[in-house]
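Join these two chains into a complex; the hints should help.
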Amino acid sequence: MCLIEFQHVTKKFSEQFVLNNFSFKINEGDKVQISGRSGLGKTTLFRLLLGFEKADSGNILFNNNNLEDKSFWEFRKSVVYISQDLNIGYGKVRNFFTETLFLKSNLHIKSKALAMLDNYLDFFEIPVSFLDKNIEELSGGEKQRIAIINALLLERKIFLLDEISSSLDNSLKIKTIDFFLTKPDFTVLYISHDKYLPKGFDIRTIKFDVL
Amino acid sequence: MNGAPDLTLFSMFMSGLLLLIPLFLVWYFKMGLFNSLLISTFRMAIQLFMIGFFLEYLFKYNHFIINVLWFTLMITVAVFSVIKNSNLNIKHFFLPVFVSFALANFFVVLYFNTFIVQLDYIFEAKYIIAIGGMLLGNSLRANVVGLGDFYKSIHKEENLYFYKLALGANKFEALLPFAKKSFVAAINPTLASMATMGIVSLPGMMTGQILGGSVPLVAIKYQIAIMIAILASTVLSIGISIVLTVKYSFEKSGVMKKNIVK
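Residue numbers (my numbering), protein chains in the order written: chain A, 1 to 211; chain B, 1001 to 1262.
Don't read these hints as lab results, they were simulated from the structure. Among the hints, erroneous ones may be present.
Said to hold, decoys possible - If you anchor each label on the Cβ, the simulated ranges turn out as follows:
1. A:Lys104 - B:Ile1116: 36 to 46 Å
2. A:Lys104 - B:Ser1081: 32 to 42 Å
3. A:Ser57 - B:Lys1262: 28 to 38 Å
4. B:Ala1232 - A:Pro184: 56 to 66 Å
5. B:Ile1090 - A:Phe123: 48 to 58 Å
6. B:Ile1090 - A:Asn59: 33 to 43 Å
7. A:Pro184 - B:Ile1090: 53 to 63 Å
8. A:Gly140 - B:Ala1192: 35 to 45 Å
To be verified - Below, computed lysine-lysine pairings styled on DSSO-like, alpha-carbon distance capped at 27 Å:
9. A:Lys92 - B:Lys1181
10. A:Lys12 - B:Lys1252
11. A:Lys77 - B:Lys1181
12. B:Lys1156 - A:Lys70
Just so it is clear, the structure is predicted and the values come from calculations on it, not from any experiment. Glycine is no exception: its CB is placed at the ideal position from the N, C-alpha and C atoms.
Extracted from the complex, chain B is given alone in its bound form (with noise of 0.2 Å):
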């Protein structure tokens, strides 16, 4: 496999170049984003430079213990803005949430890496860094629409749960109608993307192995087997994610707390 070519500075410099065109709109425009689209763009990059030499170190090292840990960092960063996105209370959420995200993705991951690619050490770091970000990424996503949804249609739609309950629903029977309307919302656009895919736009996973020199018949079969993952480590998360959080989030007479939705 030869790998996609090195950008030299010259490069990195008429890609900066590039980003003249935006700013000049946006200052000739005053949307009064100057600033920001600066700020942001200088972030990228820093922190992008940042991650690029740790993962140098880290794919050098490729040590077990540096490995999960690192991919636990993503899990809690992604955890805290899975809740931080959904408007949901971090004091009751934060544990259950990232049980649910470390046992579903580190699953998944670990199953990819054990019975698709094969691989002699499955703690590869390339791989779990890797695809489990993008495990994580979608978890993330999927959560923010179906955990958030979940707890606001029970705030929203109250009295028809309390209604449940008075018709001698347990808690279980009572949640479950919104479970499944959450379900749906949380993986739909995943479904989505998965019946334009490869039409509308080559995916990233797809565009980087055949940049990296993969032929496009190997790079399609790696983009089903990670799209197929994805859908399962979403489903996955987000049916944990509510099964244990409905734990915290309910008095004993089976109304919400309080202070569950900002």
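Next comes chain A alone, as it looks inside the complex (with noise of 0.2 Å):
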């Protein structure tokens, strides 16, 4: 089934095309890498879809239905976004995550999520006692993981990750590239110069070499 797509979609920023009649359709469960030169394009694609951007021209598909104005929001309950940028917030780690489970529309998952932290912590190598860190203390790659187990915690099964394993180290970056792309039920979009894939799985790949 057709999930998200991208319908002749333009981008220009002050006279220079990010995007150029840009079409693309992507079906439940794929995954796909987005890589090429740095610029604008990438993150853009995401943040088209998030609406944090507005499109110059063409039409940007969610379950078949136009995304715009209101429907961004409903758009933005169903996938989970985590940017390259790591400022996540302030404060406590544990009230980060808190925070997160007690906005209005993740209050339903509230009690299961909190219930598969201590999982996601284990897998993803961060000690139960950074719980009661602050945000600002951590490293850049903690801070990635912190920002991951987040992301999880929603129980999402679509995945718009940018750049997510850039400050990871070997082991943890192929272990984190194996957790998103080996789940079936997974949907997931990632921004990413590694050129390690796992094997036996089906990665389509956007470049943007061309723009």
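This is the structure:
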């Protein structure tokens, strides 16, 4: 089933094309790697999807409905977005997780998510004692993993991942990539320069070299 | 109550003579402020004389409509000043900030006149304009800090705001941390001045009352009441300003409009 579709999307920043008549279909369960020259294009793709930028022309469909003003709010509740920007908040790590779960739209999964927290901490090699640390004290790689765990707690199945393994060491990097790309029910769009791909899984690619 | 003695022409001349000290220093060290110092002093004198005559009549007629209109004019000037000094877009902000200032300051000044001073005539010009002016001045300062800080931090930390939206936050939930932070920034100076009041300096209102013949124990009671009133109107005005301007400042998708912060 087609989940997300870009139809002839064009986006310019000060006369420079970032996307030019871009069309692409993403089906449920697809894993799509977005790579290529650094620049605005890749992250812009995510920002357009989430409604943080407006396309100059073209449509973006989610479940065959046009994404626009109001429907962005619904879309944001269905996807997980992990940005490469590690400014994820202030204060205690524990409060960071509970703040996310106390958002009105996440309240229904709160208790289930909290029960899963220890498992995720363990899997991503974050000691439980980190819950009482301040986010500001954490390293880039630690913040990155905290953001990943925060995202996974939400039990959503569509992932927009923007260079989420860039600050992780090699074994964690492989573990993280495997985690997302080997789950049949996850739909994953990920921006990454990594050469590593798990074997035996079908990964589609969008390359931004042509623009 | 016997008021402060009038200042004679000689007194005003002697006051002008004191101006020679800053003028001489500015000229001697070539600070390039000579003209602006003269102009500022001249403007202050002319404006105050004009307002002095005006207030004489305002207090004499003491008419409901004139008093309310004059206070509304004071609010209008304050609102322009807030928007100009916080570098925000006046087209979007004038109306909401005006409504916020009018609600907060009229409410608190009328409360003050009715329940604290217990005036027979709560639109008494002296109180509306003097007390209202003090409230307004503080709302102005707090809103320059608070409102400016609110929109600038959303602009600066856009990614953090977007991150909250992407986690499923509604607009209120995503903006709340920013609003809290700006609120604190806005009322901190008031709290700090309350905490040192009477030790570091005698507040202007108390000084005025004491010179006007009030006994210190009466003056301090007024001062306590006015400080609490200032806190109330400050908190109200910054809160209402944020709530009302948020309506005009964001696209339906939740993204802040491009032209809000200059």
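Quick rundown of the hints versus the structure:
For the pair Lys104 of chain A and Ile1116 of chain B, the supplied restraint of 36 to 46 Å holds, since their beta-carbon distance comes to about 40 Å. Roughly 38 Å separates the CB atoms of Lys104 of chain A and Ser1081 of chain B, a value that falls within the hinted 32 to 42 Å. Between Ser57 of chain A and Lys1262 of chain B the beta carbon distance is about 29 Å. The supplied range of 28 to 38 Å therefore holds. Distance hint check for Ala1232 of chain B and Pro184 of chain A: the Cβ-Cβ separation is about 59 Å, which falls inside the suggested range of 56 to 66 Å.
At about 53 Å, the CB distance of Ile1090 of chain B to Phe123 of chain A agrees with the hint of 48 to 58 Å. At roughly 36 Å, the beta-carbon separation of Ile1090 of chain B and Asn59 of chain A lies within the given 33 to 43 Å, and the hint holds. About 55 Å separates the C-beta atoms of Pro184 of chain A and Ile1090 of chain B, a value consistent with the hinted range of 53 to 63 Å. Checked against the given bound of 35 to 45 Å, the beta carbons of Gly140 of chain A and Ala1192 of chain B, roughly 37 Å apart, stay inside it.
Distance restraint check for Lys92 of chain A and Lys1181 of chain B: the Cα-Cα separation of roughly 17 Å lies within the 27 Å cut-off, and the hinted pair is therefore satisfied. Between the alpha carbons of Lys12 of chain A and Lys1252 of chain B the distance comes to roughly 21 Å, so the proposed pair stays at or under 27 Å and holds. The hinted pair formed by Lys77 of chain A and Lys1181 of chain B meets the criterion: a straight-line CA distance of about 26 Å does not exceed 27 Å. For the hint linking Lys1156 of chain B to Lys70 of chain A, the alpha-carbon distance of about 25 Å falls within 27 Å, and the restraint holds.
Of the numbered hints stated above, none is contradicted by the structure.
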